[in-house]
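Peer 1: Kindly produce the complete structure, drawing on both the sequences and the hints.
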Amino acid sequence: MVQTKLRSWPELKDPEYLKTNSFVTVESWIEGKQVDDGAEKLWRIHDKLYDFTEWIQKHPGGETFLRVSKGTDITELFEAHHVSVAAENLLPRFYVREAQTPRNSPYTFKDDGFFRVLKRKIREELPSVPKTVRLKSVLIADSVVATALVLLVIGSIMKSYLVGLAAGVPLTLGVIAAHNFFHQKPNWRRFYFDLTFLSHREWIVSHVMSHHIYPNTKMDLEIVMFSPFLQWLPTPEKSWISRHLSLIYAPVVYGFLFFAQGIVRFLRKGFQSHDLANLVVPGVILVASSWDIMFTLKLWVGVIWVASSIFSFIGTTAAHHAPDLFHEGDVPREDRDWGLQQLDAVVDRKEISGSLPLTLFTFGDHTLHHLFPALDHAVLEHLHPTFEKVCAQFNVHHEATPYWTLIKGQFQQLARTTPRVFPLKAAEKQR
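Counting from 300, one number per residue, gives the positions in the sequence shown under this note's numbering.
Among the hints, a few may not be true.
What the hints assert, rightly or not - 25 angstroms max Cα-Cα, derived PhoX-like pairs, lysine-lysine:
hint : residue 1 : residue 2
1    : Lys-347   : Lys-357
2    : Lys-369   : Lys-347
3    : Lys-312   : Lys-369
4    : Lys-369   : Lys-537
5    : Lys-649   : Lys-707
6    : Lys-537   : Lys-304
7    : Lys-369   : Lys-340
8    : Lys-420   : Lys-430
9    : Lys-707   : Lys-728
10   : Lys-649   : Lys-435
11   : Lys-409   : Lys-347
12   : Lys-409   : Lys-312
13   : Lys-537   : Lys-728
14   : Lys-688   : Lys-420
15   : Lys-597   : Lys-649
16   : Lys-357   : Lys-369
17   : Lys-537   : Lys-707
18   : Lys-484   : Lys-357
19   : Lys-649   : Lys-724
20   : Lys-724   : Lys-688
21   : Lys-688   : Lys-728
22   : Lys-688   : Lys-409
23   : Lys-312   : Lys-537
24   : Lys-728   : Lys-649
25   : Lys-340   : Lys-568
26   : Lys-312   : Lys-347
27   : Lys-312   : Lys-340
28   : Lys-409   : Lys-420
29   : Lys-707   : Lys-724
30   : Lys-340   : Lys-357
31   : Lys-420   : Lys-484
32   : Lys-430   : Lys-357
33   : Lys-688   : Lys-430
34   : Lys-357   : Lys-458
35   : Lys-318   : Lys-728
36   : Lys-340   : Lys-318
37   : Lys-484   : Lys-430
Since the hints were derived computationally from the structure, they do not count as laboratory data. No experiment lies behind these values; they were computed from the predicted model shown.
Peer 2: Written out as structure tokens, the structure reads:
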């Protein structure tokens with residue numbers, strides 16, 4: 300469990316979901332927000348309450364976001380996912396009343412602040428981006444998933460574990476690429492994510508609603524769910540083992556992540572119809588191997604282990620964990636603008652920039668993706684000049700870093716116990 304004494308914003312309530320000793324789940328996170336957010340069983344945006352009940356089935360982004368978020372403050376989600384003014388113009392139709400309590404959030408969205416200025420500039424730029432660029436993302440994702448399935452078939456026919464296990468590599472790339480699609484309106488490519496033991500439905504909460512909005516804080520489930528094995532927050536309560544031996548045991552954690560998520564979900568909810576995608580890989584192996592059950596089970600476990608190991612390594616070293624990046628326990632910058640706070644907690648990698656395949660396969664273009672998650676990665680690569688201009692306007696220096704710095708930096712962060720003051724000065728940066 301994350302240390303609850305650790306606070307970067309002591310004036311805010313400590314997350315309710317961390318006050319219980321029970322196992323942390325996406326459901327307990329939502330239930331905690333319903334207690335903390337003052338949304339009164341409605342939807343809260345800034346200091347106003349709305350009733351979107353009649354809009355749920357009409358929501359262009361799909362029903363899931365609204366159904367799951369009922370009773371919570373969705374200010375950050377609303378701001379980040381709606382670049383156009385269309386959604387904002389609809390809000391008066393659903394207005395109920397003013398909220399009775401202040402927002403329990405560290406972030407602001409001022410009209411002259413970094414994020415809203417950037418959003419207006421991005422809004423102006425989007426019409427010039429060709430609509431067909433999104434097809435690139437589709438073709439890339441489809442290609443690697445098809446490659447994985449072909450390798451599974453060949454490996455199963457040959458009864459070759461080596462060829463079969465090799466399928467775990469393109470399968471992982473397809474799973475990561477699917478992350479691009481479950482941020483968008485409903486589409487079947489979301490289910491590429493579910494070809495392992497993962498569930499895009501749960502990740503819409505743990506990743507989209509939690510991690511994307513509150514990166515590197517105690518409200519970030521991708522921080523909490525790795526605890527106590529990997530503890531990135533700079534707390535003095537870290538054990539010696541966690542600080543100094545994580546380099547040794549982290550690969551074991553990586554390899555078991557997918558299995559843990561699948562088992563925990565099954566124990567909580569049982570097998571549900573949308574979990575059928577989890578059975579595509581063993582189904583292909585079983586048929587192609589002429590119904591060899593033992594071969595199927597062994598290869599299935601092996602492929603999932605390969606995919607889990609690669610996915611977890613890429614995910615934990617992609618953008619967020621290094622001593623130069625903000626983690627709760629550090630002193631945050633005085634400007635509470637959500638966009639600036641995001642920049643303090645995320646960085647891009649030099650080697651990935653400029654390549655759409657690498658971006659899709661390794662959580663690339665991470666900064667712009669965090670700011671505007673609903674935009675396809677193929678669109679984001681056209682928006683860098685606009686982003687850089689607005690950064691210059693606000694005197695913000697946000698430079699990419701070598702990938703090795705993040706790989707090494709993750710373990711430096713796991714060992715860090717001393718808070719830092721943000722934004723860091725150039726001389727204070729380690730990268």
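Peer 1: Next, verify each hint and record whether it holds.
Peer 2: Consistency of the hints with the structure:
With a C-alpha separation of about 21 angstroms, the suggested pair Lys-347 and Lys-357 falls inside the 25 angstroms cut-off, and the hint holds. Using a Cα cut-off of 25 angstroms, the hinted pair Lys-369 and Lys-347 holds, with the two alpha carbons roughly 14 angstroms apart. For the given pair, Lys-312 sits about 20 angstroms from Lys-369 by alpha-carbon distance, which is consistent with the 25 angstroms threshold. Note on Lys-369 and Lys-537: the hinted pairing is violated, with a Cα-Cα distance of about 35 angstroms set against a maximum of 25 angstroms.
Proximity of Lys-649 to Lys-707 is assessed by CA-CA distance (about 15 angstroms); at most 25 angstroms being required, the pair is judged to hold. Of the supplied pair hints, the one linking Lys-537 and Lys-304 holds, its CA atoms being roughly 12 angstroms apart against a limit of 25 angstroms. Between the alpha carbons of Lys-369 and Lys-340 the distance comes to roughly 6 angstroms, so the proposed pair stays at or under 25 angstroms and holds. Simply put, Lys-420 and Lys-430 have alpha-carbon atoms about 18 angstroms apart, close enough for the 25 angstroms limit, and the pair holds.
Restraint check for Lys-707 and Lys-728: the C-alpha separation of about 14 angstroms stays at or below 25 angstroms, so the hint holds. Note on Lys-649 and Lys-435: the hinted pairing holds, with a Cα-Cα distance of about 21 angstroms set against a maximum of 25 angstroms. For the proposed pair Lys-409 and Lys-347, the alpha carbon gap of about 16 angstroms is at most 25 angstroms, so the pair holds. About 22 angstroms separates the Cα atoms of Lys-409 and Lys-312, which keeps this hinted pair within 25 angstroms; it holds.
Using a Cα cut-off of 25 angstroms, the hinted pair Lys-537 and Lys-728 holds, with the two alpha carbons roughly 23 angstroms apart. At roughly 10 angstroms between alpha-carbon atoms, Lys-688 and Lys-420 fall within 25 angstroms of each other, so this suggested pair holds. This hinted pair does not check out: Lys-597 and Lys-649 have alpha carbons roughly 38 angstroms apart, beyond 25 angstroms. At roughly 15 angstroms between alpha-carbon atoms, Lys-357 and Lys-369 fall within 25 angstroms of each other, so this suggested pair holds.
Taking the CA atoms of Lys-537 and Lys-707, the gap is near 19 angstroms; set against the 25 angstroms cutoff, the hint holds. Of the pairs offered as hints, the one joining Lys-484 and Lys-357 holds, with about 12 angstroms between alpha carbons and a cut-off of 25 angstroms not exceeded. Only pairs whose Cα atoms come within 25 angstroms are accepted, and Lys-649 paired with Lys-724 is accepted, the gap being roughly 21 angstroms. Between the alpha carbons of Lys-724 and Lys-688 the distance comes to roughly 21 angstroms, so the proposed pair stays at or under 25 angstroms and holds.
Only pairs whose Cα atoms come within 25 angstroms are accepted, and Lys-688 paired with Lys-728 is accepted, the gap being roughly 23 angstroms. A threshold of 25 angstroms between alpha carbons decides the hint, and for Lys-688 with Lys-409 the separation of about 19 angstroms falls inside it, so the pair holds. About 23 angstroms separates the Cα atoms of Lys-312 and Lys-537, which keeps this hinted pair within 25 angstroms; it holds. With a C-alpha separation of about 17 angstroms, the suggested pair Lys-728 and Lys-649 falls inside the 25 angstroms cut-off, and the hint holds.
At roughly 24 angstroms between alpha-carbon atoms, Lys-340 and Lys-568 fall within 25 angstroms of each other, so this suggested pair holds. Our distance criterion of 25 angstroms between C-alpha atoms is met by Lys-312 and Lys-347, whose separation comes to about 20 angstroms. Taking the CA atoms of Lys-312 and Lys-340, the gap is near 19 angstroms; set against the 25 angstroms cutoff, the hint holds. Distance check on the hinted pair: Lys-409 and Lys-420 sit about 15 angstroms apart at the alpha-carbon level, within 25 angstroms; holds.
For the hint pairing Lys-707 with Lys-724, the CA-to-CA distance comes to about 21 angstroms; that is within 25 angstroms, so the pair holds. Restraint check: the Cα-Cα separation between Lys-340 and Lys-357 comes to about 20 angstroms, which is no more than 25 angstroms; the hinted pair holds. Taking the CA atoms of Lys-420 and Lys-484, the gap is about 23 angstroms. The hint holds against a cut of 25 angstroms. Restraint check for Lys-430 and Lys-357: the C-alpha separation of about 23 angstroms stays at or below 25 angstroms, so the hint holds.
Distance check on the hinted pair: Lys-688 and Lys-430 sit about 23 angstroms apart at the alpha-carbon level, within 25 angstroms; holds. For the hint pairing Lys-357 with Lys-458, the CA-to-CA distance comes to about 48 angstroms; that exceeds 25 angstroms, so the pair is violated. Restraint check for Lys-318 and Lys-728: not satisfied, since their Cα atoms lie roughly 34 angstroms apart, outside the 25 angstroms limit. With a C-alpha separation of about 21 angstroms, the suggested pairing of Lys-340 with Lys-318 holds against the 25 angstroms cut-off.
Restraint check for Lys-484 and Lys-430: satisfied, since their Cα atoms lie roughly 16 angstroms apart, inside the 25 angstroms limit.
The structure is inconsistent with the numbered hints 4, 15, 34 and 35, although it conforms to all the rest.
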